[in-house]
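> Chains as they are written, first to last, in the working numbering: chain A, 567 to 712; chain B, 383 to 480.
Honestly, I wouldn't trust all of these hints.
[To be verified] Below, a sample of chain A positions facing chain B; criterion: calculated Cβ distance under 10 Å:
{"hint": "1", "residue": "E589"}
{"hint": "2", "residue": "M623"}
{"hint": "3", "residue": "H647"}
Honestly, the hints are just simulated from the structure, not real lab data.
Glycine included, every Cβ here is placed at the ideal spot set by N, Cα and C.
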Amino acid sequence: MRRIMLIINEDDLQTIFANCSREYPNEACGILAGSPGVVEQVYAMTNARPGLASYEMDPEEQFRVMKAIRRSGLGIVGIYHSHPSGPAYPSGIDVERAYWPGTLFPNFPDAAYMIVSLAHPSNPAARTFAISDGQISEVELIVRQA
Amino acid sequence: MPITVRIPTPLQKMTNGKAEVECSAGNVRELVDVLEKEFPGMRERLSEGGKIRRFINIYVNDEDIRFMSKEDTALKDGDSISIVPAIAGGGYNRRVRR
């Protein structure tokens with residue numbers, strides 16, 4: 567089911583922004599675990615391919631984290647990465663990689679894709695999208711204050 | 383005890399919604415053949431030109447086959463196989479400052 571909103575705590579969003587700023591000018595990436603539509607845990611991940619204006623999570627780390635999430639009874643509700651100088655909108659490659667190679671089967675159908683733009687480095691901007699059925703649709707990001 | 387294969391969500395359409403299937407195979411290449419026989423179309427989803435597709439990672443008991451013998455990685459009964467899509471993206475070029 568396509569979710570129309572993703573709820574995240576302000577602290578967790580700041581954790582993501584800090585990770586993206588730390589990795590600048592490379593792309594940062596991470597996994598958001600939680601219950602449907604609600605982020606409960608942020609996993610900052612290692613970008614195994616930095617420096618190419620792209621990201622690919624370290625496969626071993628990704629496997630380990632996915633397993634930990636499954637064991638904790640949570641699911642992958644979001645995947646984030648930064649665009650160090652681009653807009654907070656999915657690139658063509660972001661869309662392509664969201665699907666199983668050669669298909670339109672979403673790899674993580676329950677995950678929203680959060681993109682953090684650092685076009686203005688001191689003022690990161692996050693937007694969140696559903697990428698499915700060959701379409702990009704915005705998912706409302708609701709930030710819960712502590 | 384057969385080999386257990388964990389099927390990722392996007393491929394569960396091909397396994398009638400099953401998240402795990404059991405089979406027997408001597409190595410990863412054979413495993414792809416066995417899955418293809420049972421779930422036609424699986425070979426193309428998993429491999430290209432006899433090699434596991436880029437952006438698809440396969441683990442045998444938590445070990446990435448790229449660091450073992452790739453498609454020739456030996457399998458035995460009781461092994462647990464995971465097929466995991468890579469999480470990747472990117473492609474916005476750096477802005478050129480004038």
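> Can you give the numbers of the hints that this structure goes against, from lowest to highest?
Of the numbered hints, just 1 does not hold.
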